[in-house]
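I would like the entire structure built from these sequences, with the hints used as guidance.
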Amino acid sequence: MKGRKPGKAGQQKMNIADAPPYGSGTLGSDVQDVIGKQLRAMYDDLVNQTVPDRFKELLQELNKRKNKGKS
Amino acid sequence: MGIEASMQDKILATLPRLRAFAISLSGKVDRADDLVQETLVRAFTNINSFQPGTNLQAWLFTILRNQFRSEYRKRRHEVEDVDGRFAENLTTPPEQQSRLEFEEFRQALTELPLDQREALILVGASGFSYEQAAQICDCAIGTIKSRVNRARARLAEILSIESADDFGPDGDMQAAVASARSR
Numbered sequence: 014m015k016g017r018k019p020g021k022a023g024q025q026k027m028n029i030a031d032a033p034p035y036g037s038g039t040l041g042s043d044v045q046d047v048i049g050k051q052l053r054a055m056y057d058d059l060v061n062q063t064v065p066d067r068f069k070e071l072l073q074e075l076n077k078r079k080n081k082g083k084s
Numbered sequence: 203m204g205i206e207a208s209m210q211d212k213i214l215a216t217l218p219r220l221r222a223f224a225i226s227l228s229g230k231v232d233r234a235d236d237l238v239q240e241t242l243v244r245a246f247t248n249i250n251s252f253q254p255g256t257n258l259q260a261w262l263f264t265i266l267r268n269q270f271r272s273e274y275r276k277r278r279h280e281v282e283d284v285d286g287r288f289a290e291n292l293t294t295p296p297e298q299q300s301r302l303e304f305e306e307f308r309q310a311l312t313e314l315p316l317d318q319r320e321a322l323i324l325v326g327a328s329g330f331s332y333e334q335a336a337q338i339c340d341c342a343i344g345t346i347k348s349r350v351n352r353a354r355a356r357l358a359e360i361l362s363i364e365s366a367d368d369f370g371p372d373g374d375m376q377a378a379v380a381s382a383r384s385r
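Residue numbers (the working numbering), protein chains in the order written: chain A, 14 to 84; chain B, 203 to 385.
Calculated from the structure, these hints are not laboratory results. Every value quoted in this text rests on a predicted model; they were computed, and no experiment measured them. Beta carbons: idealized from backbone N, C-alpha and C, even for Gly. Any given hint could be a false lead.
Stated by the list, open to error - Straight-line Cα separation of at most 30 Å, BS3-like style, residue types lysine-lysine; simulated pairs:
1) A/K50 to B/K347
2) A/K69 to B/K212
3) A/K79 to B/K347
Stated by the list, open to error - Partner residues are not named here, just some residues of chain A that face chain B (Cβ under 7 Å, in silico):
4) V44
5) V47
6) G49
7) Q51
8) L52
9) Y56
10) D58
11) V60
12) F68
13) L71
14) N76
Below you can see the structure in the form of structure tokens.
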């Protein structure tokens, strides 16, 4: 986790020194915030991955099949 | 008749998000791609059950989520056999630093109970409202809320986050803020 580049990932960070300890039942809003931002960053990274071509081909194939089957 | 071209385009447009959901849910790219494929087949088979004007993305997410759960029940031991090979076959050249962090976070996510994991991803990452997430998961809104809260608390434990600082100091802005605070 060390040495992360500033910018995209760095912006998700906050510096909050006074978080209540986890495990106390309620989560500090700053910790919630960090987790939320990490989650979204990871997810956005996945969303930005290139979708394999085979899905587009599959869609066309499915549609073709449906045309044949029902017309 | 086939589905309309516009519908096909909309499904196509949803794919990156659907796949991101599948990857974060299952923790494995290969498995996620199988899930997406199965979801598309099911969507086409049951296209008549989609009500035009409703949220197509939510509909597809529901199919994928149910598909994953039914497989999860059947092959529980495999699902829990987390092997950490997540990043291997992602197609975009990785920015190694953040990729490592995403891997660590993704790993932590797979350690959550499935109920909590799906609720957190839907609300916290996919951008669904509590209400939509409740519909997708076929449960009450209050249930989703409590699952999301428990998921966050558990993740904080797994990742040992007691404060925002625990993500490790890095970045100039972070350092600047920290140094300003200590004065």
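Hint-by-hint comparison with the structure:
Simply put, A/K50 and B/K347 have alpha-carbon atoms about 18 Å apart, close enough for the 30 Å limit, and the pair holds. A distance of roughly 12 Å separates the Cα atoms of A/K69 and B/K212; the hinted pair therefore holds under the 30 Å criterion. For the given pair, A/K79 sits about 40 Å from B/K347 by alpha-carbon distance, which is inconsistent with the 30 Å threshold. With a least beta-carbon distance of about 5 Å to chain B, the hint placing A/V44 at the interface is held under the 7 Å criterion.
Interface hint status for A/V47: upheld, as the beta-carbon distance to the closest one in chain B is roughly 5 Å, under 7 Å. Taken as an interface hint, A/G49 checks out: its beta carbon lies about 6 Å from the nearest beta carbon of chain B, inside 7 Å. Evaluation of the A/Q51 hint against chain B yields a held restraint, the C-beta minimum of about 5 Å falling below 7 Å. Residue-level restraint check for A/L52 holds (minimum Cβ-Cβ distance to chain B is 5 Å; threshold 7 Å).
Interface restraint check: A/Y56 against chain B, minimum CB-CB distance 4 Å, threshold 7 Å, status holds. A distance limit of 7 Å between C-beta atoms decides the matter here; for A/D58 the minimum to chain B is near 6 Å, and the interface restraint holds. At its closest, the beta carbon of A/V60 sits 4 Å from a beta carbon of chain B; the interface hint therefore holds under the 7 Å criterion. For A/F68, the interface hint holds, since its Cβ comes within 7 Å of a Cβ in chain B; the closest pair sits about 6 Å apart.
Evaluation of the A/L71 hint against chain B yields a held restraint, the C-beta minimum of about 6 Å falling below 7 Å. A cut of 7 Å between beta carbons decides the hint on A/N76: the least distance to chain B is about 5 Å, and the hint holds.
In the structure shown, a violation is registered for the earlier hint numbered 3 alone.
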